[in-house]
Amino acid sequence: MSDQSSQSQSLTNNWDSLQVEVAQYINSDVRVPLQYSENTKPLSGFVQRLKGKHGRFRGNLSGKRVEFTGRTVISPDPNLKINEVAVPILMAQILSYPERVSHHNIERLRQCVRNGPTKYPGAKFIKHPDGTEISLTSKVRHRHADDLKYGYIVCRHLQDGDIILFNRQPSLHRMSIMSHRARIMPWRTLRFNESVCNPYNADFDGDEMNMHVPQTEEARTEALMLMGVQNNLCTPKNGEILVASTQDFLTSSYLITRKDTFYDRASFSLICSYMGDAMDPIDLPTPALVKPVELWTGKQLFSILLRPHAKMRVYVNLTVAEKNYGKSGETMCPKDGFVYIRNSELISGQLGKATLGNGSKDGLYSVLLRDYSAHAAATCMNRLAKLSARWIGNHGFSIGINDVQPGIVLNKEKKVTIDKGYGQCIDYIGSYKSGSLDLLPGCNNAETLEANITGTLNNIRERTANVCMNNLHWRNSPLIMSQCGSKGSPINIAQMVACVGQQSVGGRRAPNGFVDRTLPHFEREAKDPDAKGFVQNSFYTGLSATEFFFHTMGGREGLVDTAVKTADTGYMARRLMKALEDLSVHYDGTVRNASVCIVQFVYGGDAMDPGQMEEKSGLPLNFERLFMKAKATCPAVEQKSLSIEEIDKTMDEIIGDRLSESTGTPEGESSQAFSASSNKEGGMETFDNSLRKFIQKKYPNSDLMLKLNGKEHPDEDKGYLEKIASNICGVTRQQLMVFLETCISRYSLKKIEGGTAIGAIGAHSIGEPGTQMTLKTFHFAGVASMNVTLGVPRIKEIINAAKKINTPIITTALQSDNNEIIAKIVKGRIEKTLLEQVAKSIKTSQASRSASIVITLDMTKIQGAHLSVDAYTVKESILKTKRMKLKEQQVKVLDHRKLEIVMHADKKKLQFELHGLKNKISKVVVKGIDTVERAIILNEAKEKDPSANKKMKLLVEGTGLLSVMGIEGVEGRKTTSNHIIEVQHTLGIEAARKKIIDEIQYTMSSHGMTIDIRHMMLLADLMTFKGEVLGITRYGVQKMKDSVLMLASFERTSDHLFNASAHGKVDKIEGVSECIIMGIPVQIGTGMLKVRQSVKPIELTYGPDPIIS
Amino acid sequence: MVETLFEDIFRVDELDPDGKKFDRVSRISARSEQFDMLMFLDINTEIYPMRTGDKFMMVLASTLNLDGTPDSGYFAPGNKKSLADKFDYVMQGKLYRISEESREKQVKADIFVSFGGLLMQLKGDPSIAARFELDQKLFILIRKV
Amino acid sequence: MLSEEEISRLYRVRKTVMQMLSDRGYLVDDSEIEMTRSQFVQKYGEGMTREGLVILKPSRTNPSDQIFVFFPDDPKVGVKPITISTKRMADEGVRRAILVVQQGLTPFAKNCISEISSKFHVEYFLEAELLTNIKEHILVPQHQLLTPEEKKTLLQTYTVKDTQLPRILMNDPIARYYGLRRGQVVRIIRPSETAGQYITYRFVV
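Residue numbers (the UniProt record's numbering), protein chains in the order written: chain A, 1 to 1109; chain B, 1 to 145; chain C, 1 to 205.
For the record, the hints were derived by calculation from the structure and aren't laboratory data.
Worth double-checking, as some hints may not be accurate.
Pulled a few chain A residues facing chain C out of the computed Cβ check, cut under 7 Å [to be verified]:
1) V596
2) L962
3) G988
4) K994
5) F1025
6) K1026
7) G1027
In this text, a Cβ means the ideal position worked out from N, Cα and C, and glycines have one as well.
Please take these sequences and the hints and turn them into a complete structure.
Right under this line is the structure:
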C-alpha cells in the first residue's frame, strides 16, 4: 500500500519535472517551482532563440550578415569629388565585382585574370555560364586568361568608378547610406570629401564606416539613381540642403570674400587654377581695380568659381542675409553681411554658413540645385573644396593663447558689470528676506527671487560677452570661425575670454548637496551668485575650486543626459519605423498601408514631395527669389514694361491655359460630383491663387510711376521717367512669362512620385531630430511659473498617446478677453478652491452625545478672489462630495457666512470621527473643478503698449477640458488642451489629429527644428485612422497591423507566435518586415510594379554591330 | 572725345561713417558740387589714400576706349591709350540696382554699382539715373583736384 | 425650483440640442436656435422643470420620422424614467429619442436602453457635453454624412472596401452629435495648411 503510494508519488514528481523540462525546453524563462529548479545549467529555450535583439527575428531574419563589405577608419580628403570615396587598395583586392565578359572589356578583364588575386587590378574567380567557378590563385590563371570568352563572369577587384554603398551607424535617416563611386587609393583609410560629413554625421576623430559592393548591374543602377549622393543633396525632412560646405571651407570662403582681399595678376591666376587643378578653362575677368595697379578682389574669385567661363550657362541669383548683417541697408551693409549674387556675379557680401552651409533653403547650393541641377551644385562644391583647402593651406589658420587674452577694456568693463549685477542680486536677496519682493504672476517668494537672480546673472554674461565680441580684432581666429559659422558660437568665445557664467543643473542654479548649502565653502541658506554656481572667471583666467566644482556639476548633467537620451530616442525611432514602414504613396495619390487601407487620401493634402519644397515654411516655391531670377536673367533690353492691366491679362492667359489642360483629362470629367481628384486640384488651385496674389504684390508701385500717371508731363520728361520707373520695378512681358512658366512647370515636377515609401521617410524625419534635441526639457508657457514639458519626453508622450501626461495645460479663451475682473471671476470659477482656503475658522465643539463643527467663512477673502461662495453653496458642495456620509439634516446653515455640522455617534468613537470629519471637511472643494491644479491669467497683448486692448486668456494647469469648456464666461469653442487623449474624448478624433500635429510642431519648433508639416500630418493620420488615437507602442501597433510576422519581429515575439498558431492565423506577406523576413522584394518603390507580359528572351550578340544589315 | 555718363567734382565729407571695418578698404561719403549728388564709395585706401575734405573729380564711363567703342567684356591689357590715362584711380564694375526714395514729395533715385565687391551708391536727381541701365558695365575714374 | 445657474445651463444645453437636431436634418425653426436667455425664461416661465423642456421634432425630409428629446429630472437616471419615456414614444409612434441627463445613467438604465434598441433608438448625452457645441470648436472640422449612393461612388473611385477607409468610432463625440450609425461614411472637410482645403472620409464603426 505504502509502496503504491510512494510509486504514485514519484510518478507525479516525475510528471511534474517532465512538465518543467518541456516548459523550459520551450521557454527557459518560465517560472518553475523551487524544488525543480536545482539544476541551474544555462539552457536557452526556443523562445529565447527567437526573441530579443540577437534572436532569430531581429538578429537573423530582419537583418542578415552579408558578403562584399568593408569597414575601416575614415579620414577627409578635399581633393575627392563629393560623390567619391577613396577605397584602400587592400580593401579593393578583397572586395570584388562580377563583371560579364563582353567585346568591350575582354582585354581589360584578361589582364585582371592574369594579375590574379594578389596583384591589383586583378581578379579572384572566373564563373562559367554552366556554373563552374575557377579560383585564380594558381599559376594556371594565365591559361584561363587566354581562354576567356564572351559571357564568362570575372570576379574582378574593385576599380575606379565602381558603385559602392557607404554607411555610418547609427543609420537614422536615409542619407546615412548613400552610394558613391570608388577611387582606389593607397594607404588604409576610407576617405571622402568633408562636404559629405553632414548626412552621415561623421567626424574624423576615429569614426569607422562601412561599405558594401552591389553585385549586379540592376542593383548598381538602382543604387546610383536612388541612393547616389547627387540625388540626396537635400533632406526629405524639410527640403534643406544637407550636403554642403563645412568647417575650413566656410572659413576660407569667408576670408577670401572679405572686402579688403586683393590679388595681383599672378596670385589671382594661381588661385583660379586651384579650383579645377588648372585643367578647366577660365575667363579672366577685368580687374576690379584697373589703376594705379591691376588688382582683383576675392569676390571676383568667387564669381569665377560660380561661372568659370562664358560657355557655362549657370546664372545664379540669390540674396542671403549672413550672420553679421546689420539689419538694414541691404547690400550697403557696412559689415558687408548681405550676400547678393546676380547672374553668377558676387555683388556684395562676405560668404559664410548661411550662403554655403547646410540647413538653409536659399543658400548657394540650394539655388544651384533647384534652378539648375544636382550636378551643377556638386561641381560647385567640388571646386570650392579644392580651392578652400589649398588656399587655406597657404594662408594659414591657427589658434593660440593670444586669441583668448582679454584686453584692458574688457577687463574693466567686466568688473563693472559683475559688481553691478552682484549688487542687484544682493538687493533682491535682501528684499526676499524682508518679504518685500514684488511677486511675479503665479510665483511665490522663493521662485520670484530665483527668476530675478537668474535673469540678472544671465544678463551679466551676455553683457560681458558683447563687450568681448566687440573688442576682438577681426583677425582673431575664434571670432572668424564663429562669424562665418564654421565652428563655435559667441558664447563659446565669451566663455574662453570673458566669463563662463551661470552653471545650471536641471534648469535651476546649482542645488544644495549639503545641509542648506551647495558646498561647505558657503554659509547656510546662501543665495548669492557665487554660492549657487555663478562662474565669474573665464577659461583663460582659470576657475576657482568652487567654480570648478559647479562647472563639473553642469558638465555631468550634460553627459548623463546624452547617454540617457540616445537610448530613449533610439527606441522611439525604432517604434516609429515599425509603425510607419509600410505606408507608401500609391498611383492614385492615396497613402495606404500594406493591407491597402487608406491612411490619407492625398499625401500631405497637396501631394507635394516635402524634400523638394523651396520655401522656408514648406510651400513649394519661393516666388520672391524666382521673380528676382526671372528679372535678372531676362534683361529688359528694348522691351517696354507692362502696365497693371497687361500683367493681369498675361497672367490670366497663362494660368488659364493650364487649368483648361488639367480639367481636360478624362478622370477630371468622370468624377464631377464626387471627384476623387477634387483634393488634387484643390492643391493646384491654392497654388494658382498664391501665385496670383504674389504677382499682385509685385505690381509696379514706384512713386515715379505714380507721378507719371498722375500729372501731365512734357514729352521728353515722360520718356526718362518711364525709363527709370521700368528700371526700378517694371516687368516686361518676357520676364513675366518666364517667371510664370518656371513656377508652373516646376510646381508640377514637385509632385510626390507613386511608390514613394513616405512612411519610412516620415519616421526618419521625426526620429532623427529627436537625437539632436538637447536637454531643454522645460519651457515657460508665457508665464514664468507655468512650465510645459518639451524635448524628447514630450515627443514621447505625444507619440505614445499617453493617458497621463506630465504637464497638462488647458488654454482657455474668454468670452470677453479685455476685462481683468471678468478674467479673475472666471479664474475663480475654474480654479480648485478648498474649504480651508476660504474659511476663517473651522471649530469643533463636543457635548456628551453629539458634536458639531462650526465653519465660519472669510467673506473678505472670498470677495477679493471674486468667488461666489456663501454658506448655502458650501453646504451643497459638502453634500455633493463623495464618501462624506453626511445627511442633509446634519448640515445646518446658520447665516450666509456660518454653517454647522452636527454629528451623532457613540461617545467612544465621537472624538475620533470628529477629527476625521474635520480633516475631510477642510479638503472639500467649494468652487472650481477638482482636476484643475491652478489657473493663471495671461495677457497676450504687448506689455509695452498699455493703451492697446488687453487680450486675456487663462492657462489652466490640469485636466478636465469638458468641464472648463462648460464654465460660464469661457469661450468653449476656442478652448483647447495639450492632452491629446482628452481632446479625443471631448472633441473627437479629428480634433485629436489636429492637436497631434500642432503639439509635435510646437515641440520641434521650440527646439529650433523645422520639419515639414506633411510628415507630422502622416503620423497624426496614422495614429488616428482606426478611429481612436493609437500610440506608437506595442499596443497601438498591434491594432494598426495585421501581420503576425511583423508584430513578432517588433516586440513580444513569443506571445504573437503562440497566439497565431493557436488561432491558425494567415500572413499574406505584404508588409515590409514580412517581405524582408521571407527574403522577397518589398511592394514599395521600384518593387511596386511587376511586368505581366511574357517577353521572348532577347538574343544578345556580342561583337560590333554589323554596319549593313 | 569719349562720351562719359556722368562727371562731377566731389568733396569727401566723411571717412567710414559706420566705423572702420576693414584694414585696406574705407567707405567714403562724398557730395558733389554740380548736381548735388550724395555718394558712398568703397575705396582701397592702401593704394589710394583719401582724407576728409579731399576734393576729387569723378567720372563714370561705360568704356575706357578713347574712340568710344564699347567695352568687349574681356580684359586685354596693353599700352593702348585710354581714358584712364588722365586719372589716378580707376575701377571697373557692374550696375546692379536702381531704386528710388521719396521724401516730402522729392523723389531721389539711387544707383548701385559693385566694383568686384567694392560698392558705390549714388543718390541724386532721377534724371541722372535715366542715363544708366541695369547690368551695365561701368568704369569709375577718379582724379584728385 | 431651479437656481439661476441651472437655468443658464439648461438654456445653453437646449440651444445646443436645437442646433444638433437641425444639423441632423430635423425641422427646427431658426427662432428656436437663436432664442435668447430672457426669451427662454419667458417661454418656460417661473416653475421651470427639466421635464417641461421636452422637445419633439419631425425630420425635414420625412415628417413621419420624429425624434424626442427628454430631460429627466433625476440627477442619476434609472430605469423608471426610461420606461415612462418609451411609453410616450410608443404612444406617439416615435422611434428615436435623446435623453439629456445630469450626471449619468445607472448601469440598469444602460442595459434597458440596449434591450429596447430593436424597437426604440435611444441616445443619451450628459448636460456637461452639451454646454458648448463641439461642432463649432476651432479644432473640429466640418463633417457631412454621405448618402448610400455617394458612398458607393467613393468606394468605386478608390477601389476599396468600406473597412479599408479611415474610421471613426460610434462613440466619438462628433459621431454621437450627428447620431451616426455603423456602416455610414462621413465626409470631413478640413482646412489644410498645405492645400487650403482637404477632403477625407471616415467609416463609422
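Status of each hint after checking the structure:
no.	hint	result
1	V596	holds, 6 Å
2	L962	holds, 6 Å
3	G988	holds, 4 Å
4	K994	holds, 5 Å
5	F1025	holds, 4 Å
6	K1026	holds, 6 Å
7	G1027	holds, 4 Å
Every hint, counting from the list given before, is met by this structure.
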